[in-house]
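> Next come the chains, spelled out residue by residue.
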Amino acid sequence: MTASTPVAERPVKEPKRQQRFDEGTGRLAATLLSPTLLVLGVVVLFPIMAALRDSLYQSGQRLDENGFIVKGSTFVGLDNYTAIFKGETGDRFWNAFYNTTLFTVVCVVLETVLGVAMALIMHKAFKGRGIVRASILVPWAIPTVISALLWKWIFQADGIANTLIGTQVLWSTEGWQSKLSVVIADTWKTAPFIGLLVLAGLQTIPAEVYEAAKVDGANAWKTFTRITLPLVKPALLVAVLFRILDTLRIFDLPFVLVGAHKNSVESLSMLAYDEASNVRYGPAAAYATLLFLYVAVVAYLFVKILGADVIGEARAKKPGGGRRKKNGNSGTAAARAAVAAGAGPGTGGNV
Amino acid sequence: MRFERSHARRTAFVAVASSFALLATACGSGDDGSSSGGGSSSAGALEGRGPITFATGKDTSGNLQNQLNAWNASHPNEKVELKELPEDADAQRQQMVQNAQAQSDAFSVLNMDVVWTSEFAANQWITQIPEDKVPDLGKLIPATVETAKYRDKLYGVPVTSDGGLLYYRKDLLTKAGIAEAPKTWDEMLAACQKVAALPEGKGMSCYSGQFEKYEGLTVNFSEAVNSAGGEVVGKDGKPNVNTPEAKAGLDELVNGFKTGAFPKAAITYKEEESRRAFQDGKLLFLRNWPYVYSLANKTDGSSKIAGKFAVAPLPGKSGAGVSSLGGHDYAISSFAKNKATAIDFINFMASEERQKANIEKTSQAPTWQSLYDDAALNKQFPYLAPLKASILGAQPRPRVVKYGDVTAAIQQAAYDALTGKQTSDQALSGLQTKLESLITQ
Numbered sequence: 001m002t003a004s005t006p007v008a009e010r011p012v013k014e015p016k017r018q019q020r021f022d023e024g025t026g027r028l029a030a031t032l033l034s035p036t037l038l039v040l041g042v043v044v045l046f047p048i049m050a051a052l053r054d055s056l057y058q059s060g061q062r063l064d065e066n067g068f069i070v071k072g073s074t075f076v077g078l079d080n081y082t083a084i085f086k087g088e089t090g091d092r093f094w095n096a097f098y099n100t101t102l103f104t105v106v107c108v109v110l111e112t113v114l115g116v117a118m119a120l121i122m123h124k125a126f127k128g129r130g131i132v133r134a135s136i137l138v139p140w141a142i143p144t145v146i147s148a149l150l151w152k153w154i155f156q157a158d159g160i161a162n163t164l165i166g167t168q169v170l171w172s173t174e175g176w177q178s179k180l181s182v183v184i185a186d187t188w189k190t191a192p193f194i195g196l197l198v199l200a201g202l203q204t205i206p207a208e209v210y211e212a213a214k215v216d217g218a219n220a221w222k223t224f225t226r227i228t229l230p231l232v233k234p235a236l237l238v239a240v241l242f243r244i245l246d247t248l249r250i251f252d253l254p255f256v257l258v259g260a261h262k263n264s265v266e267s268l269s270m271l272a273y274d275e276a277s278n279v280r281y282g283p284a285a286a287y288a289t290l291l292f293l294y295v296a297v298v299a300y301l302f303v304k305i306l307g308a309d310v311i312g313e314a315r316a317k318k319p320g321g322g323r324r325k326k327n328g329n330s331g332t333a334a335a336r337a338a339v340a341a342g343a344g345p346g347t348g349g350n351v
Numbered sequence: 001m002r003f004e005r006s007h008a009r010r011t012a013f014v015a016v017a018s019s020f021a022l023l024a025t026a027c028g029s030g031d032d033g034s035s036s037g038g039g040s041s042s043a044g045a046l047e048g049r050g051p052i053t054f055a056t057g058k059d060t061s062g063n064l065q066n067q068l069n070a071w072n073a074s075h076p077n078e079k080v081e082l083k084e085l086p087e088d089a090d091a092q093r094q095q096m097v098q099n100a101q102a103q104s105d106a107f108s109v110l111n112m113d114v115v116w117t118s119e120f121a122a123n124q125w126i127t128q129i130p131e132d133k134v135p136d137l138g139k140l141i142p143a144t145v146e147t148a149k150y151r152d153k154l155y156g157v158p159v160t161s162d163g164g165l166l167y168y169r170k171d172l173l174t175k176a177g178i179a180e181a182p183k184t185w186d187e188m189l190a191a192c193q194k195v196a197a198l199p200e201g202k203g204m205s206c207y208s209g210q211f212e213k214y215e216g217l218t219v220n221f222s223e224a225v226n227s228a229g230g231e232v233v234g235k236d237g238k239p240n241v242n243t244p245e246a247k248a249g250l251d252e253l254v255n256g257f258k259t260g261a262f263p264k265a266a267i268t269y270k271e272e273e274s275r276r277a278f279q280d281g282k283l284l285f286l287r288n289w290p291y292v293y294s295l296a297n298k299t300d301g302s303s304k305i306a307g308k309f310a311v312a313p314l315p316g317k318s319g320a321g322v323s324s325l326g327g328h329d330y331a332i333s334s335f336a337k338n339k340a341t342a343i344d345f346i347n348f349m350a351s352e353e354r355q356k357a358n359i360e361k362t363s364q365a366p367t368w369q370s371l372y373d374d375a376a377l378n379k380q381f382p383y384l385a386p387l388k389a390s391i392l393g394a395q396p397r398p399r400v401v402k403y404g405d406v407t408a409a410i411q412q413a414a415y416d417a418l419t420g421k422q423t424s425d426q427a428l429s430g431l432q433t434k435l436e437s438l439i440t441q
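Residue numbers (this note's numbering), protein chains in the order written: chain A, 1 to 351; chain B, 1 to 441.
If you're looking for bench data, these hints aren't it; they were derived computationally from the structure.
Derived, one-sided and incomplete: chain A residues facing chain B with beta-carbon distance under 8 Å:
{"id": "1", "residue": "LEU63"}
{"id": "2", "residue": "GLY67"}
{"id": "3", "residue": "PHE68"}
{"id": "4", "residue": "ALA157"}
{"id": "5", "residue": "ASP158"}
{"id": "6", "residue": "GLN168"}
{"id": "7", "residue": "SER172"}
{"id": "8", "residue": "THR173"}
{"id": "9", "residue": "GLY259"}
{"id": "10", "residue": "LYS262"}
{"id": "11", "residue": "SER277"}
{"id": "12", "residue": "VAL279"}
Quantities reported herein were computed from a predicted structural model and do not represent experimental measurements. Beta carbons: idealized from backbone N, C-alpha and C, even for Gly.
This is chain A alone, in the form it adopts within the complex (with noise of 0.2 Å):
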């Protein structure tokens, strides 16, 4: 952090023009950027703009008189998202809707918690550091689907987690223990994922600080929650917002691990997969557009409110440019980027 002279001092200058995005290195970054934006532009916004589209028409429910399905989409504008809301499908909505914040929230604050405390075990130099760290990781490993095909074999009713709390819980039934048994599920998968960001963080972290801190007489605690929390938050808000843009999406675990049509875990991709499978594209693009937008306004609001710096901007800016760019600018860049990063195909890789 540099210091700041006072106002009075600062010697007179003329703002040193911002290059415009063509020119000099500029331009050659954007013919090398080039490739991967159309990529990204046929990966990403494609798929995108073919959903709105989609879900703006129906497809495949009328029989003619031979008993054929009539072949073609016809137009219907907002019908399909006016009868997401309607009736007993509004209701299923609003259940979807409850249980995917619900995931959202409890698994991200107990992914959080655990990513942390694993990132401190793993920044410490000890004997065995490398096997403690590559056995935190191996859960972010495993593909989801598998880790949700062993969380079911483990919480079957003769299953281990029975026999090891002694009593027969039936865990892929309707109530709390099958939300239970997705967050555990959840939670025990993606906590390393946390912790391997923070630990990143926690690695640009000199020293010298802690040291200073040791000399003031700063305990464990004080030195957790003044030094490291805040100079690790950076990276963390970035791991906490992927986590909350995945688990918006959370789909493999709740469908493999409790199963489908249940209410106690359905969530708002399997509204989408559900009328997929029922050939009613229009409805399922619909749905997945509403998810779409639930994601990015959570992930907008994540940013704007707590400055997530998703492209290091904030950074980026701090030496010798005197200008201050927290909320403004980087915000709505990152927030864009995000958008883009999280409501697209998926973060971190893991499908």
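Position chain B relative to chain A; hints supplied.
Just chain B now, with coordinates in the frame of chain A:
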């Protein structure tokens, strides 16, 4: 400067987004509501000879490749390649639907569950097969041929069938002095009481089927309702499930859970969990498919009850029970290239010789009628006689185009009743309303 830069960025973003939107709209199919052309729907000539592929779920019998090798040996220019799909029926359907949506010729012959026929035929994902192209059609069990028809036109050939069987612990029933398998539910419960009094019967539950919220629940629910004299969807195709008979059937299951005759964990059982419970000696009676027979008889140590059990037709309320008709039909994908080879292959697999070879290796149910009456086979496979009775009396599940929605509605009602979330009256009346709105044709 800052404003200028962000203004340029914003403009670029909007331009890109709107260009993609225009692109997507232009690319999309127009809003034509044209009905299917007559030419593609009628049974066109099944033409084209050459290599084909066979898409089927994971082969749990272990004998499928032998069958395919037999074909390949005699047809070196028209070889069939096996494309194994996931074990789960829903996942198989997903893959077949995706293949059809892409109009791909990757799958030539489809191994279809009997409940998919209406949906696939209505969407024209499988072609109609003229009945004269299947010379052996009259030799197959008529109920199984019905499962392959949509609006009286043939769309597939039934190659395996499936009917529910009652597996029971013969050793324990004999010890309790019961000579024959129970024929009604009351007899079954009485038998359980007698066995529970024995020292060997301690800790055993009476009966289980498959009650998890999936397709197996639709099967078990339909069997209970039909076995009590009710129906889910009547012969006229209209739903009729809010009747006293259906209530009696559903109550049998509900009371089974309430009184503890069914183990509590049975609400989480699919086929494999229930088979394991039976094989571990925790159940006296089990309702399951024929495939369990050969697995439960294995003497390699995986089954505690090898040789101690027998099978009987399902019990009903006041007489024999009604099983749900399962099975698989082989159909030809509309987008397959070599349809003439495909129909020959299907006829080959449905032939008496192939079905006989299959029985000998697996306990899958054949569709060839005379195989059930073969004395030598009956001696070798004691499950054939109860299986034939089961299949001949079996009822199919609702044969509707929107089968996915119908089965979801049935599962919802049955699961709510079994878990006590609704009374059986509420569940059935709600189900009747839902089915009436779904089955409108």
